[in-house]
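Spelled out from the first residue to the last, the chains are:
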Amino acid sequence: MTATSVDQTFVSLKGWLLSFGFISGAPEWVQAIVSSLINISALLGVFMTLFALISVLERKILGRIQNRYGPNRVGPFGLFQPVADGIKLLIKEDIVPDRADKVVHFLAPIMAAMPAILALGVIPYGRNMTAFSIDGGILFFFAVGSASELAVFMAGWGSNNKFSMLGAMRAIAQMVSYELPLIITVLPVVMIVGALSADAIVAAQAGYAQGFIPRWFVFTPWGGAAFLLFFISGLVESNRTPFDVPEGESEIVAGHMTEYSGFKYAIFFLAEYFGMFAISGLSVTLFLGGWHAPLPFLEIVPSYIWFFAKLAVLLFVFIWIRGTLPRMRVDHVMNFAWKFMMPMAFTCIVAAAAWHYQRQSVLRWVWSLGILLVVYLALSRFLRTGKNLSTRTYRFAE
Amino acid sequence: MSTAAFIFIAIFTLSGALAAACLRKLIHAAFCLVVAFLGLALFYFLLGAEFVGLVQVFVYVGAVAVLIVFTILLTRREEENTGGFNWGGAVVALAVFAGLVWTIFKTPGTAVAAPPIEALTVKRIGEALMTSYVWPLQCVGLLLTAALLGALVLVMEEKR
Chain A
1 MTATSVDQTF
11 VSLKGWLLSF
21 GFISGAPEWV
31 QAIVSSLINI
41 SALLGVFMTL
51 FALISVLERK
61 ILGRIQNRYG
71 PNRVGPFGLF
81 QPVADGIKLL
91 IKEDIVPDRA
101 DKVVHFLAPI
111 MAAMPAILAL
121 GVIPYGRNMT
131 AFSIDGGILF
141 FFAVGSASEL
151 AVFMAGWGSN
161 NKFSMLGAMR
171 AIAQMVSYEL
181 PLIITVLPVV
191 MIVGALSADA
201 IVAAQAGYAQ
211 GFIPRWFVFT
221 PWGGAAFLLF
231 FISGLVESNR
241 TPFDVPEGES
251 EIVAGHMTEY
261 SGFKYAIFFL
271 AEYFGMFAIS
281 GLSVTLFLGG
291 WHAPLPFLEI
301 VPSYIWFFAK
311 LAVLLFVFIW
321 IRGTLPRMRV
331 DHVMNFAWKF
341 MMPMAFTCIV
351 AAAAWHYQRQ
361 SVLRWVWSLG
371 ILLVVYLALS
381 RFLRTGKNLS
391 TRTYRFAE
Chain B
1001 MSTAAFIFIA
1011 IFTLSGALAA
1021 ACLRKLIHAA
1031 FCLVVAFLGL
1041 ALFYFLLGAE
1051 FVGLVQVFVY
1061 VGAVAVLIVF
1071 TILLTRREEE
1081 NTGGFNWGGA
1091 VVALAVFAGL
1101 VWTIFKTPGT
1111 AVAAPPIEAL
1121 TVKRIGEALM
1131 TSYVWPLQCV
1141 GLLLTAALLG
1151 ALVLVMEEKR
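Chains A and B, in that order, are what the protein sequence lines are. The letter at position 225 of the first sequence is residue 225 when you use the numbering used here, and the numbering goes up by one with no holes. With positions in the second sequence counted from 1, the corresponding number in the numbering used here is that position plus 1000.
Keep in mind that the hints were calculated from the coordinates and are not lab data.
Covered, in the sense of this in silico footprint (three residues per stretch, anywhere, with C-beta under 8 Å from a C-beta of chain B), are these stretches of chain A:
#1 130–143
#2 150–159
Facing chain A, from chain B, some residues (calculated, C-beta under 7 Å):
#3 E1050
#4 F1051
#5 F1058
#6 A1065
#7 V1066
#8 V1069
Using 25 Å as the maximum straight-line C-alpha spacing, the simulated BS3-like pairs for lysine-lysine come out as follows:
#9 K162(A) x K1025(B)
#10 K88(A) x K60(A)
#11 K102(A) x K92(A)
#12 K102(A) x K1025(B)
#13 K88(A) x K102(A)
#14 K162(A) x K102(A)
The beta-carbon is built from N, C-alpha and C at its ideal position, and this holds for glycine as well.
Isolated chain B, as found in the complex (with noise of 0.2 Å):
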């Protein structure tokens, strides 16, 4: 059952992200993106991570998704790209492929046994915030804070 689910999972996540990547209109691929996004999020499902995949999808499709569609939105004027093989792009992505091969080969022990997965609450997650993880937290917090106020910053340069 798990491993027919994966392979199911592995397909729809991969012809997402090859019809995002091949796809002549930017339009099309940035929603072939969020069917990707989506896969992940079954993978996590997949895991018993629960809350990790609602955020991915809550996070991907509900934000990351729109703000590239928005992006193309007000940037692209021309209809389509000029076709062409990018030869830059498939190299770059090879480099990270054969990385990523090479670290997970590196990586001793991919196959011990995952620890009992506890019952998800609210309260663990938000212990983890606020005791180990509470210096990354922070940085995204101020991350963010800085990023509204650069965002107001603009909107009101343009204002005057």
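For reference, chain A alone in the conformation it holds in the complex (with noise of 0.2 Å):
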């Protein structure tokens, strides 16, 4: 077998299964939506297959981290927690409040999970390997991403608690913010392929300068600081340490989910590792070269383990965050948000213009790179960060 055929190994299982008489002697609405189905359940199982070992593999490493061992009684090295997780949440009792909104109540976790699912359609897993391949692929992602908010509000409304209305509005208010230098930090990356497509855009990333440092976009100034931005709102929007202020355990109990059991909790659970996934294959795809090489020779490797290699990497960072970084107040996260993100996304803007004008190639490193730390340090200088370091005062405390 070729590197080619291995490659192309699940794309032609699609074209085998498509092949059966009665799919392709069908009418052509049907194989469309018999290949959507296959799509569709391919992307479910890897993902939910997924979600089972990260549960299981960040509990293990925030274990390594914290100095104990985490799960290890299920399975060769805890390996099969996530079952018995799974069989646990299922028999437990589901409590709706009997103040709640019985409908909004229920919704709501469907509504949550939904758009996180359906923006893991459009990311591209490897050659040919893209699920739902559209033109406006990264605007389809943030449409249905930005359908989140209203899920969180549902949850929060829904439950006719003050925890819960408290945690989703603390939830809302952190996503409304960090979700514009989420999308203006994806604006460098569109404006330089001049193409709003996922596929576009990882195939503006392959081949190597001086024929070892691979064309990622990560490699370039703006790509870099965009990169990064975009990291830490992608931390932000998949409500993950240390910015989980909207479910702070200490404070409000478990913000928009409070009251929620069983199940419904594990949707929630479900919609945020999946939001998660969401995030890190689209950074993956817009800035570290989608399911592309790190280096020639190692092209050999199938295009889909490129991507998962990358994927893991950063999800592993996300977890390693989660062991290693406390909890932000609620107001330093949205001053961080208006004051620090939302200037520097846009100097990345201005970064990657100077880049794509400047055709010379040192002198582009020096222009992109000279706005971006003109502005970086005159905002670190003007902020003035620790005017805020005296006593606080409370309004409704002592």
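With the hints in hand, could you dock these two chains into one complex?
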């Protein structure tokens, strides 16, 4: 078997499934539906497995960071822990508060999981392996992603609980704020590539400068800065530490998930992790070269392995940050969004424009880096970050 | 296929809009309005206007719906309004509907074949915005900046 045929295994497998007589003889719209169903089941299968895996790996890694074992009772190395967790969550009692808005309370977990799953569809997982390849792929990602705020609100409102509502308010406030830098940091990539399609963006990052440095956008000054900003915004959007104030358990129990139990809670959990996969997958696509190999001679390894390797690295960083950093205070999170992330995100656009119009290779580095550095230094100089270090006064507490 | 999809989406959109108009609880009505917004986006997809459809979802579901929901949250105190048929609203709705029907029938050539749609590129959208539609774009930009400054001023007033 040649490298190409290994690379295209799954694509050929789908072609083989579609070539059966009763499908290939069917009308075109039946074929289209069957083709979509194959894509959807492959996507769900892969990411449900990854979800099960990451739920145990996260606890293992956190255990390693905190110098303890982590789950190690069920199966070898505790690998069957997700099965036990799943059964436990399935047989747990499903409690709906008496005063809750029943319909909204019921719909909220579904609304939370739906955008996260939809967003996974537009990411190219390998050569010719985009489940839902449309021209406006990146726009689709953010369009469906914006529905998740509504889901959080539905959870908070439907529960009819003050902690739920407060958590939902916090979550929406920070999601709306960080959605701006998240989207603005995508703009430089879209500007340079000139297309909104995820496939085109991956294709633009093919090849190697000097024969060995991959042409990924993260290796340009604007791309590196945009990647960092995008990753931080992604942390906030998926409500991960250090930005998990919406579910800060010491203050507001579990935020908008306070009144959820059993499998509904599990679905919120799933939505959070799928959101994390989607954001990491998109940053791999936008900045880390998608499914391209990091070195020319490594291109024998199938493309999807590279994609998932990069995804795994990013997911590890997510967990690493969770194990290392404490939670930020609400007002600091918001200040950071508007006073630092926003100006820096806009600067990335200017730096990308300088990169685009300055053709000469040394000068474009100088210009692009210079613009970023000037704004960064100006921000750090004028924001007077130390001014709020005095004793904080509270309105409703001593 | 296209007709079936049209009928399905029409039922979906209209039921969402009808529910938004009829439901007692304001928050439920707001959520049903989101369904109607989504239905409109589906119509754009059906017509091949992918970009407009995505922007419709982005702006209306992502921003306008959240705005509406927050407005309800921050202003309503009583549970729900006192029932009774809203005659004024019905008259206004009928007038708007009649106006739309009149305009549709006045417009010649609704049956003209659509020109072939070119592939969507960001470059083309950008060029259109920066050349033929540069004035509307600037005006919208000015309006949004004013709104942003206004919001900031309002917040600062409260703090004092």
